[in-house]
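2 protein chains.
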Amino acid sequence: MTYCVAMALQDGLVFAADSRTNAGVDQIATYRKLHKFRVDDERLIVILSAGNLATTQSVVSLLQMRLNSDRKHLFGVSSMYDVATLVGSTSREVLKRDAGLNQGTVDFGSSFIVGGQIRGEQPRLFLVYPEGNFIECTPDTPYFQIGENKYGKPILDRVVQYDLPLKQGAKCALISLDSTIRSNLSVGLPLDVLIYERDSFGGGRHHDVTSDNDSFRSLGDAWSQGLREAFAKLPDMEW
Amino acid sequence: MTYCVAMALQDGLVFAADSRTNAGVDQIATYRKLHKFRVDDERLIVILSAGNLATTQSVVSLLQMRLNSDRKHLFGVSSMYDVATLVGSTSREVLKRDAGLNQGTVDFGSSFIVGGQIRGEQPRLFLVYPEGNFIECTPDTPYFQIGENKYGKPILDRVVQYDLPLKQGAKCALISLDSTIRSNLSVGLPLDVLIYERDSFGGGRHHDVTSDNDSFRSLGDAWSQGLREAFAKLPDMEW
Chain G
1 MTYCVAMALQ DGLVFAADSR TNAGVDQIAT YRKLHKFRVD DERLIVILSA
51 GNLATTQSVV SLLQMRLNSD RKHLFGVSSM YDVATLVGST SREVLKRDAG
101 LNQGTVDFGS SFIVGGQIRG EQPRLFLVYP EGNFIECTPD TPYFQIGENK
151 YGKPILDRVV QYDLPLKQGA KCALISLDST IRSNLSVGLP LDVLIYERDS
201 FGGGRHHDVT SDNDSFRSLG DAWSQGLREA FAKLPDMEW
Chain Z
1 MTYCVAMALQ DGLVFAADSR TNAGVDQIAT YRKLHKFRVD DERLIVILSA
51 GNLATTQSVV SLLQMRLNSD RKHLFGVSSM YDVATLVGST SREVLKRDAG
101 LNQGTVDFGS SFIVGGQIRG EQPRLFLVYP EGNFIECTPD TPYFQIGENK
151 YGKPILDRVV QYDLPLKQGA KCALISLDST IRSNLSVGLP LDVLIYERDS
201 FGGGRHHDVT SDNDSFRSLG DAWSQGLREA FAKLPDMEW
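Residue numbers (the numbering used here), protein chains in the order written: chain G, 1 to 239; chain Z, 1 to 239.
I should point out that these hints are in silico values taken from the structure, not numbers from a laboratory.
Wrong hints could be hidden among the right ones.
Since the list can't tell identical chains apart, any single copy or any two copies may satisfy a pair.
What the hints assert, rightly or not - In silico DSBU-like links for lysine-lysine, alpha-carbon gap of 35 Å or less: (1) 233 to 96; (2) 96 to 72; (3) 72 to 233; (4) 233 to 36.
When you get a sec, could you build the whole thing from the sequences and use the hints?
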């Protein structure tokens with residue numbers, strides 16, 4: 001499994017992903033799920049992936065290989081909408097190629113969160129379904145999750161609003177990941193976090209949170225402590 | 001869907017369940033999932049149910065109908081272990097009867113949390129799987145969940161310990177239910193909460209939390225507020 005979360009906030013975009021891949025509990029490995037495509041000063045595209053690793057890797061490889069080809073590619077299209085379309089159609093292409101003989105016993109499907117900014121547009125964020133169609137993030141619910149999303153959702157629902165500062169958004173994403181890691185063995189460190197400031201057209205601040213990151217550990221401990229304190233302060237039920 | 005949670009704590013047992021049943025989002029109804037069987041001053045048995053409503057209702061009906069029969073029944077057996085066995089075998093009996101023609105398109109399975117105390121024993125708590133086998137709660141992880149369990153698990157993992165007072169346990173169960181209700185439409189009010197004090201052999205304190213329960217609403221609001229405050233107090237990441 002995997003857990004990825006991304007936010008489209010007023011000041012820019014936040015992306016966060018774990019890196020655990022597993023086929024059963026005795027076959028786990030570390031694979032990055034945050035992929036960055038960048039043309040300096042012109043566009044930044046970030047793709048988070050969850051689902052069948054063979055499918056997601058093929059999709060990302062094909063997108064990468066075609067960057068210098070005659071086909072439509074991530075650096076050639078002029079809007080983030082076209083980027084999402086491209087990810088969706090590449091995902092369908094891989095599924096069509098690989099899932100042909102599958103009798104339905106293996107799930108070949110993958111989901112993607114696709115976000116970034118191309119000069120001339122606002123920063124945009126899309127969720128691409130395994131079927132290749134997609135939806136776009138709006139200020140009413142300014143985040144997307146893919147993978148093992150339930151444990152980490154309550155904190156997002158309570159904290160993430162469109163006007164949340166980027167730094168706070170990243171912190172909330174880390175808390176959401178921490179809650180998921182504590183409850184589900186198939187989600188694990190290291191984490192990739194990328195913070196992109198609106199109209200900066202750079203590579204964003206990309207952080208690698210490994211298991212020896214004291215700051216992340218302190219954050220998780222402080223959150224546990226804060227939760228317990230908040231619980232202790234709750235009013236009694238008047239039955 | 002459904003969400004039920006129960007705890008076996010030092011001072012006794014806590015049971016909590018929502019009451020929403022749904023088949024799709026346009027066919028929802030209220031059905032209680034907490035069932036009580038009691039012999040005053042001698043035994044209290046509580047059964048929480050989740051899964052296929054036809055199955056769970058049949059299981060509870062059969063257990064009820066047989067109370068005065070010659071067959072093994074809930075008031076005749078001498079341990080909570082036998083109670084769990086009885087719930088498991090009755091569940092298998094119903095599945096065998098009803099799921100025969102099913103081609104695997106409908107899930108007939110149900111899970112049960114079975115707890116209580118019979119004179120001569122400690123209070124005990126069991127989780128009965130759809131297959132009819134079961135596990136017992138131990139002090140290391142003193143709670144069980146059935147149904148839509150992920151949203152409400154992080155708070156349980158952080159707060160519930162064997163020596164938690166019963167009142168606090170009930171409050172934590174309500175918070176866990178509140179988080180689930182906020183995130184999943186298929187879990188809803190009213191809630192059934194039952195607090196059983198060890199060796200009391202009464203009916204326990206049974207509370208009905210309806211949507212006009214101000215105390216529950218205040219609890220949920222205070223929790224949201226507490227979470228936001230805890231989040232605001234978190235240290236910044238040192239990247």
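Verification of the hints:
{"no.": "1", "hint": "233 to 96", "verdict": "neither (55 Å within a copy, 49 Å between copies)"}
{"no.": "2", "hint": "96 to 72", "verdict": "within (19 Å within a copy, 56 Å between copies)"}
{"no.": "3", "hint": "72 to 233", "verdict": "neither (57 Å within a copy, 47 Å between copies)"}
{"no.": "4", "hint": "233 to 36", "verdict": "between (44 Å within a copy, 32 Å between copies)"}
In terms of the numbered hints stated before, the structure departs from hints 1 and 3, listed from lowest to highest.
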